[in-house]
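Take the sequences, apply the hints, and build the full model.
Top to bottom, those sequences are chains A and B. Just so you know, the first sequence maps onto residues 1 to 109 in full-length UniProt numbering. Just so you know, the second sequence maps onto residues 1 to 193 in full-length UniProt numbering.
Incorrect hints may have been included.
[As the list claims (entries may be wrong)] Which stretches of chain B does chain A cover? Using the computed rule of at least three CB atoms under 8 Å from a CB of chain A, they are:
1. 121-128
2. 155-167
[To be verified] In the DSS-like style, the derived pairs of lysine-lysine whose C-alpha atoms are separated by at most 25 Å in a straight line are:
3. A:Lys23 <-> B:Lys3
4. B:Lys3 <-> B:Lys41
5. A:Lys72 <-> B:Lys3
6. A:Lys9 <-> A:Lys23
7. A:Lys8 <-> A:Lys23
8. B:Lys169 <-> A:Lys72
9. A:Lys72 <-> A:Lys9
10. A:Lys72 <-> B:Lys41
11. B:Lys169 <-> A:Lys9
12. B:Lys23 <-> B:Lys3
13. A:Lys23 <-> A:Lys72
[To be verified] Beyond 12 Å from chain A on every Cβ pair, some chain B residues (computed):
14. Phe6
15. Pro19
16. Gln58
17. Phe150
18. Phe188
19. Ile189
Bear in mind the hints are in silico, worked out from the structure with no lab data behind them. As the structure is a prediction and not an experimental result, all values here were calculated from the model. No residue lacks a Cβ here, since even glycine has one placed at the ideal position from N, Cα and C.
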Amino acid sequence: MNVNTQFKKGVLELCVLVLIERKDRYGYELAQEVSRHIEVAEGALYPLLRRLVGDGYCTTYLQESSGGPPRKYYQITPEGSEYARETVSEWRAFVAGVTRLLEEGEDHE
Amino acid sequence: MNKEQFMLRLSGGLSALPPEMRKELLADYEDHFRSGLEHGKSEEEIAFELGSPEELAQEALALRPAAASYPGPEAASHVGGTRAETKRKSSFSPVRLIMLLFWSLLAIPAWLVAWSFAVALGAFVLASLASPLLFAADLLINRTGNTAEFFAVLLLLGIGMLTVGPFLKLIRLLAAAARRYAVWNVTFIMGRN
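Now the structure itself:
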């Protein structure tokens, strides 16, 4: 597994947390939403979602869908919101740091 | 690869999972296929977007109860884990703070000298570049000015134009060094991580 894949997996968690913090969503919907922005193996969502549920960052409930079996929705918990907030600010700091590093490199050349 | 092939390969890869967990996870992928089909996608498209079943199975195996209590490299690489580690390793130390104060007695004057030099150089570059304007003002207002002055101004302008590049580079280097020094100070007090 290359670095890029590992990297995307970390980012995927952040994206999923942010998306379900905005509103409750079901798996396929999450996959579509993430894929709109980044290229990722959508299947990686499900192990990730299970982990988030296991860690208490979100819960699931079933809701009827129009003409079909019920769908599993994911809902964020207060701990999940807190964790999402922390992760987002860490991400921002990380991106700012990398940007600074790249710019510093340009200065010296 | 159609749905059946995908599910078969995935389920094969998941055989090490507890049956309950395996069933739930497979149901998630079944649901995904159903939603995708409802949205007018083909089984092949959906399977392609999901990714390689073998790789997905590997990720899911990292979730096994046994794996969860002994976080492997996968668990450590996720954002939360790294944060907790950095927090644990770095700690504030008053002794280091005092050491740093003495060191600053030396370092701060050195920084002041460097920056004053830069400011002086900046003033010189600015004045050199502005000299034609000053010369023109002199001509217009005082109606003095002669050929010698004109050549002196030309020379100054040349020097100004030659030094402005290196000057900007120097400022940038100084700023980068100051930033690095500030970061070093913080890491020094907080301990290395």
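### Query
Looking back at the hints listed earlier, which ones does the structure fail to meet?
When the structure is compared with the hints, numbers 1, 2, 3, 8, 11, 14, 16 turn out to be violated.
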